[in-house]
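Can you make the complete structure from the sequences, with help from the hints?
There are 2 protein chains.
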Amino acid sequence: MNDLDLDKLFNPKNIAMIGASATLGKWGSIILFNILNGGFDGTVYPVNPNERSIMELPCYPTVGDIPEPVDLAMITTPAQTVPSLIDECGAKGIPFVIVVTSNFSETGSKGAKLECEIVEKARSYGMRIVGPNTMGIFCAKSELHALMPPIIPLHGPVSMFSQSGNLGTQMLAWGESEGVGFEKFVCSGNEGDLTCEDYLRYFAKDEATRVILAYLEGVDNDSELLPVAREVSKKKPIIVFKGGRTDAGSKAAASHSGAMAGSTHIYKAVFRQTGMIEVSSSQGLMDCAKAFSYLPIPQGNRVAILTRGGGWGVITTDACEENGLVVPPLPDDLIKKLNKILPEYWSHGNPVDMVAVISREPYLKCLEILADWEDIDAIITFGGRENITLKSPKKSKLPDEFKAALSAFNPQKENAQGQDKSIKLIMELIERTGKPIIELALFSSDLDRNSFENYHPVCFPIPERAVQVLRLMVEYRRFLNSSA
Amino acid sequence: MNDLDLDKLFNPKNIAMIGASATLGKWGSIILFNILNGGFDGTVYPVNPNERSIMELPCYPTVGDIPEPVDLAMITTPAQTVPSLIDECGAKGIPFVIVVTSNFSETGSKGAKLECEIVEKARSYGMRIVGPNTMGIFCAKSELHALMPPIIPLHGPVSMFSQSGNLGTQMLAWGESEGVGFEKFVCSGNEGDLTCEDYLRYFAKDEATRVILAYLEGVDNDSELLPVAREVSKKKPIIVFKGGRTDAGSKAAASHSGAMAGSTHIYKAVFRQTGMIEVSSSQGLMDCAKAFSYLPIPQGNRVAILTRGGGWGVITTDACEENGLVVPPLPDDLIKKLNKILPEYWSHGNPVDMVAVISREPYLKCLEILADWEDIDAIITFGGRENITLKSPKKSKLPDEFKAALSAFNPQKENAQGQDKSIKLIMELIERTGKPIIELALFSSDLDRNSFENYHPVCFPIPERAVQVLRLMVEYRRFLNSSA
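Same order as they appear, the protein sequences are chains V and D.
Take the first sequence: its position 419, counted from the start at 1, is 419 in the working numbering, and no numbers get skipped.
Remember, the working numbering sits 1000 above the position in the second sequence when you count from 1.
Because the hints were derived from the structure by calculation, they are not lab data.
Quantities reported herein were computed from a predicted structural model and do not represent experimental measurements.
There may be inaccurate statements among the hints.
[Unchecked claim] Below 30 Å or equal to it, Euclidean Cα-Cα: the simulated DSS-like pairs (lysine-lysine) are:
#1 D:K1340 to V:K26
#2 V:K236 to V:K424
#3 D:K1337 to V:K251
#4 V:K421 to V:K337
#5 D:K1337 to V:K113
#6 D:K1337 to V:K26
[Stated by the list, open to error] Far from chain V, by Cβ distances over 12 Å, these chain D residues were calculated:
#7 D1041
#8 T1081
#9 E1106
[Stated by the list, open to error] Derived list of chain V stretches under chain D, where covered just means 3 residues or more per stretch with a C-beta under 8 Å from a C-beta of chain D:
#10 97-108
#11 159-165
#12 235-246
#13 342-350
#14 462-474
Here a beta-carbon is modelled for each residue, glycine too, at the ideal position from N, C-alpha and C.
Below you can see the structure in the form of structure tokens.
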């Protein structure tokens, strides 16, 4: 199994869509629509004995009627029809089949039996199955959007395998608004045949994948996922979110993916030993995807905090300390440097609270001084993006003269230019010092789309999320050091 | 001190702006601008010996020159000028003065001495001081936006006192995008004179205030805040976020508000005893503000979960169990009822996973059945708002016929109408059953502004936040029961 090659699965030359439908709203039509709308590089052959053409493509009665060899088939027809369709795909020599259909092992013993049957059949043909009960796959390279939801993810360095289709595809969609790009995605479904372990091995070898995300509910006792993960973790971060951590959650998981969720304590220990980065929420999964994709791993746990609001400095310091990060005191020479830039009432310590200084130049100078401070490993900074929009309420008593002056003033534009300058400096400082710099943007409206896609700044709306991410990066650094 | 009346502070007939400036960008001009732009009900008198008029208002050399009695003065001039200005305000008989100026006790012993001086002076005149080192106050009733940042908050039932101006005003601004409305706000600054305890007593009596938020760094040993809080908590929820929970955070707090942050363990215990609802992040503060404002307090800890994605059901169940909430099994009669609505492969348990059913009618029926289930106290529901926008990527291979069909189709509008229906049903079910129903909206773009302001649905983007809020509501219910 070591050399299992999933290239044809993620980059097929062509796809047979078995159960493609001309009826809008049926899953066969929705997935076909998503593939065509996603701009897939290859050819799609709808297969349906009752149609001549679907979405202007010629439709074939069976896969056997398709005039050339087929790399990948997708099946969306009811469970009881799947075994004979697997036979047809086998006879055609199709190497990969994605079984979207549900009502297999996740619904009980009858479904489990049917699942065994299709897997045995597939093996007899040397065919590999994704699913059953999967929401599909995505690949940026081949522009393959073989998914149930109509998602067109951003392209980027993250690949994900997920034992939940909804949670996984939501990450793809969420990545778009968070500026996190994906390379490959697979919803592993019931894992009747191909398992998380197979996808992990493949992503490990895949050059376009730099960061691996996993949503796991459980793995079989004989799975090699964890030993494999330990090797992969030395080269690429694997960020894992475990569902079924509690008894009740574990029961829910059994009826969802058929997984045996296993003991939480064992998983936690194993994740730690294998260097897998365990997050405790869906939010954490996305936050880590962003940070591990676009920031260097810090060398240690010492953090400088730059803020224009004392309270934010206090709670960020609390969060750091509670998460094993250190906020070291400022040395005298840095205090002297900062004295030249800031008014006398600045905090004279770390967190560096600029107090009411709101112009951009001193902010950027402080940031540069902190980045060059040798005794810190990372920076959390507030203030590069605050952008409270001036609104005129109904009862404004402002004289007309001022209203006119205001309408000529374009804070949005000014701010966008200023932000661009901040982001460029931050990117330059990260590059030069090798230290991660995380920004706080307290409003999502502060995030400028362009700078996001051009520079990938790592920004969060609340400091607690920045701190959680840094804690996990520091733990990963410890794993890398201990296994070097 | 029991009968301290702060009505004139929050609802002054007029304000003297001492240090008002004609120079845009100076704090004196910024606050004046914010007051005028906010549509304050009363009169504003700029006070500045060097100007004749500011923003078209007549300017007075001193407060003594103002031709009528003054309810409230604000001071923005440098620290050393404040004592004599307090004398002038005292001579004029002004009952309340907001000292915005910083460089008092928060910067060391010299500043502390100056702070004592102004407080002693104020007391000799029977005058009360907000601050010093405050970012100001807000009141919805009087449309008073006497704040440093240009924020026009939504109006609503929440009043807040904050020992951080930045954190507090950010909550006001954040409330706008989160649909949380405020009644009164005060940044208590260094609390040289008026303290959190005074503001708490006042908010407790204030009829327009239903929910109280607090950001606290520390209180003096002789403060009566906590005993007062215990009484207030029986009538109104007090949600508190404590800064300075760690040694390092506590040091940062000392240089910020001059507060002695005190032992975390003691605070935690005291918050519990007084029924105060302690949150552990800035996000939690806003989430609780929303939930306690717009949802009934559940009677117990039993939760029904409705989802269209198994993975979300699993992680929500995990989060519930980890937070002391129970996800009880579905009784047979409910399973029978749901069997009539859902396809055979639904989860047949709680969480109720509708699997791939995406139409709205069965969703609404399930929601109603769950709300009427006698053995649960709250509902968390996914699926009323999913709204993944159809995008056409550059390389779409969709036939023109389909593109035309798509452009005629308006999922945004369809969805808005459907959402409106969902929200109305949810509001009706909350009203009828007295149970809180929290929705999950995985994308902020799903939130329809109108329904938000008309109905105040309580929605979060991730389930973990919904669960945290429910946990705190259940704890508050226990406090209410134990102190009844």
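Hints and how they fare:
{"no.": "1", "hint": "D:K1340 to V:K26", "verdict": "holds (21 Å)"}
{"no.": "2", "hint": "V:K236 to V:K424", "verdict": "holds (27 Å)"}
{"no.": "3", "hint": "D:K1337 to V:K251", "verdict": "holds (22 Å)"}
{"no.": "4", "hint": "V:K421 to V:K337", "verdict": "holds (22 Å)"}
{"no.": "5", "hint": "D:K1337 to V:K113", "verdict": "holds (28 Å)"}
{"no.": "6", "hint": "D:K1337 to V:K26", "verdict": "holds (25 Å)"}
{"no.": "7", "hint": "D1041", "verdict": "violated (8 Å)"}
{"no.": "8", "hint": "T1081", "verdict": "holds (15 Å)"}
{"no.": "9", "hint": "E1106", "verdict": "violated (8 Å)"}
{"no.": "10", "hint": "97-108", "verdict": "holds (count 4)"}
{"no.": "11", "hint": "159-165", "verdict": "holds (count 4)"}
{"no.": "12", "hint": "235-246", "verdict": "holds (count 5)"}
{"no.": "13", "hint": "342-350", "verdict": "holds (count 5)"}
{"no.": "14", "hint": "462-474", "verdict": "holds (count 3)"}
Checked against the numbered hints given earlier, the structure breaks hints 7 and 9 and satisfies all the rest.
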